[in-house]
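Residue numbers (this note's numbering), protein chains in the order written: chain A, 12 to 242; chain B, 4 to 302.
Calculated from the structure, these hints are not laboratory results. For each residue, glycine too, the CB sits at the ideal point set by N, CA and C. A couple of the hints might just be wrong.
Which chain A residues face chain B? A few, computed with CB under 7 Å, are given here [unchecked claim]:
hint : residue
1    : Ser80
2    : His95
3    : Leu101
4    : Glu105
5    : Gly110
6    : His223
Calculated cross-link-like contacts (lysine-lysine; reagent style BS3-like; alpha-carbon spacing at most 25 Å) [stated by the list, open to error]:
hint : chain 1 : residue 1 : chain 2 : residue 2
7    : A       : Lys122    : B       : Lys183
8    : A       : Lys14     : B       : Lys161
9    : A       : Lys122    : B       : Lys290
10   : B       : Lys183    : A       : Lys116
11   : B       : Lys183    : A       : Lys140
12   : A       : Lys119    : B       : Lys160
Residues per chain are reported as follows:
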Amino acid sequence: MLKIENVVSGYGEVSVLQDISFEVGHEVFAILGANGAGKTTLMKTIAKAIPLMSGSMSFEGEDIAGETSYEVAARGIAFVPQEHNVFPTLTVLENLSVGSTLLDKARKNEKIEEVLNTFPALKAISKQKAGSLSGGEAQMVAVGRALMQEPKLLLLDEPSAGLSPLYVDMLFSKIADIHKEHKVSVLVAEQNAVKTLRVANKALILTLGKIHMIEDADKLDESVIKEGYNI
Amino acid sequence: MISFLTSGFFASMLSFLAIYVALTVILHLQANVAGVVNFGIAGFWGIGMYATSIFLLRFNINFWISIVLGAIVTGLIALPLARILLNLDGQAVLVGTLAFASIVENQIFVNREITGGSRGLGTIPMPIDVGPYRFIVYGLVVVAFVVALILYAWKLKKAPFGRLLFSIRDNELLSRSLGKPTFRHKIIFFAITCGLIGLFGGLTAPLHSFLLPMMVSPTVTFTAWIALMLGGQSKISGAVIGVLATEFVFFYLLRVILPLPAEAAQMVPFFIYAAYGLMLVLVLMFKPTGIMGGKRRGN
Numbered sequence: 012m013l014k015i016e017n018v019v020s021g022y023g024e025v026s027v028l029q030d031i032s033f034e035v036g037h038e039v040f041a042i043l044g045a046n047g048a049g050k051t052t053l054m055k056t057i058a059k060a061i062p063l064m065s066g067s068m069s070f071e072g073e074d075i076a077g078e079t080s081y082e083v084a085a086r087g088i089a090f091v092p093q094e095h096n097v098f099p100t101l102t103v104l105e106n107l108s109v110g111s112t113l114l115d116k117a118r119k120n121e122k123i124e125e126v127l128n129t130f131p132a133l134k135a136i137s138k139q140k141a142g143s144l145s146g147g148e149a150q151m152v153a154v155g156r157a158l159m160q161e162p163k164l165l166l167l168d169e170p171s172a173g174l175s176p177l178y179v180d181m182l183f184s185k186i187a188d189i190h191k192e193h194k195v196s197v198l199v200a201e202q203n204a205v206k207t208l209r210v211a212n213k214a215l216i217l218t219l220g221k222i223h224m225i226e227d228a229d230k231l232d233e234s235v236i237k238e239g240y241n242i
Numbered sequence: 004m005i006s007f008l009t010s011g012f013f014a015s016m017l018s019f020l021a022i023y024v025a026l027t028v029i030l031h032l033q034a035n036v037a038g039v040v041n042f043g044i045a046g047f048w049g050i051g052m053y054a055t056s057i058f059l060l061r062f063n064i065n066f067w068i069s070i071v072l073g074a075i076v077t078g079l080i081a082l083p084l085a086r087i088l089l090n091l092d093g094q095a096v097l098v099g100t101l102a103f104a105s106i107v108e109n110q111i112f113v114n115r116e117i118t119g120g121s122r123g124l125g126t127i128p129m130p131i132d133v134g135p136y137r138f139i140v141y142g143l144v145v146v147a148f149v150v151a152l153i154l155y156a157w158k159l160k161k162a163p164f165g166r167l168l169f170s171i172r173d174n175e176l177l178s179r180s181l182g183k184p185t186f187r188h189k190i191i192f193f194a195i196t197c198g199l200i201g202l203f204g205g206l207t208a209p210l211h212s213f214l215l216p217m218m219v220s221p222t223v224t225f226t227a228w229i230a231l232m233l234g235g236q237s238k239i240s241g242a243v244i245g246v247l248a249t250e251f252v253f254f255y256l257l258r259v260i261l262p263l264p265a266e267a268a269q270m271v272p273f274f275i276y277a278a279y280g281l282m283l284v285l286v287l288m289f290k291p292t293g294i295m296g297g298k299r300r301g302n
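Required output: the full structure, derived from the provided sequences and hints.
Here it is as structure tokens:
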């Protein structure tokens, strides 16, 4: 589905990611790594929020290296950034609605129902401004808005950052549901390796902008992860 | 009463207040919905006013067609300006649009063959000929245009395109990842709304009947901004109330209540702008969201 080859990327003249190559199929694929490993840079590169310095990227066999963020979104790649991931002055319902700009009206209404069923807690706060929500609620809105795009691939950048343990458990169980029920592939960047590996099929460990290893999730044990995290 | 309602004073008051309400509502759309800080309103308004008059007087084109052409010219000039400016931050947009309005004023002075320069351009006849009632009928036509604009603004804020504009204003990077070319939408919206400013500039031309470059002064921009900030940026009603609290109270109501001798009347505008400044400071101190209140969409 998504193929990344020899990608170099970063900010301005500074390259953060070096020679990154991997492939994501119909699965939950985890990007793991310590702080500063380059997880967010990798997610932003795929979502085209920052430009590619070199290398190639393709999605469903089509080259997307030269495309803009809205072009890759229109292809079916939805991005949920770690921070500033909701529109604070829009209500929860408006946030969901604005995610469906590419859908027709009938489909949009169906999709809102679907997302509210996936996150029932949003029903009670649907008219509340997203800027006034707690971290966990905002994260649900952000993921819900991404689902409104009817994505084929969902990019989640550190979805558990700053959430209470209760929300973290709920969120990871939702990630598994989204993959199974909505038939969406998920690429999730996380520091929380233990929780992520419970729902992931495959994992990539990033160390200082380079791939430390790519392995099936069930084959990764604690010692390998610690080595990748430089602990 | 009927004689007052059909008087030139009332017709002029109604028309100019309606024009200022229109400019302030458009400003509300640009600033509060799309997040574009336009300090060049006078420039776009002036282009519309002069373009309409030039089509009318130099090419003998019907007035109603001329105002549409004037609006199109204004929108087309706004398009490349938006392409350059809207990629920059808010302060650069503010300075850029203000500079643009100064350039427009200067060009009207300089290009005498086209605009008449400091000698002026006129006489622009009233487009509606119903004898002594032509001024009030024209005033009502202007009001009808403003009502249509308010309805458009109201519908836009509830429409998917309005929500998209709100999302662009809130977080353009995030909005871009929803699958729509946000920058293109912002440029087109800016050009269309500037075209609307030009349309109301065209509608102003017969009210002045004789155009001079000094009419395209930054005062128009500042008055609309002050009215919007006093009335409340986040609501359409704020734009209407803001114009009533400024232009209506100081330029019309007080003149009726407190008629001053001619020599004192000349000084009045200077005191009025000082009063606007004081009101603005007080509102920002005690009710930053403006008279009509509401939470600022930007916060």
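Hint check:
no.	hint	in the structure
1	Ser80	holds (5 Å)
2	His95	holds (6 Å)
3	Leu101	holds (6 Å)
4	Glu105	holds (6 Å)
5	Gly110	holds (6 Å)
6	His223	violated (28 Å)
7	A:Lys122 x B:Lys183	holds (18 Å)
8	A:Lys14 x B:Lys161	violated (40 Å)
9	A:Lys122 x B:Lys290	violated (40 Å)
10	B:Lys183 x A:Lys116	holds (16 Å)
11	B:Lys183 x A:Lys140	holds (23 Å)
12	A:Lys119 x B:Lys160	holds (18 Å)
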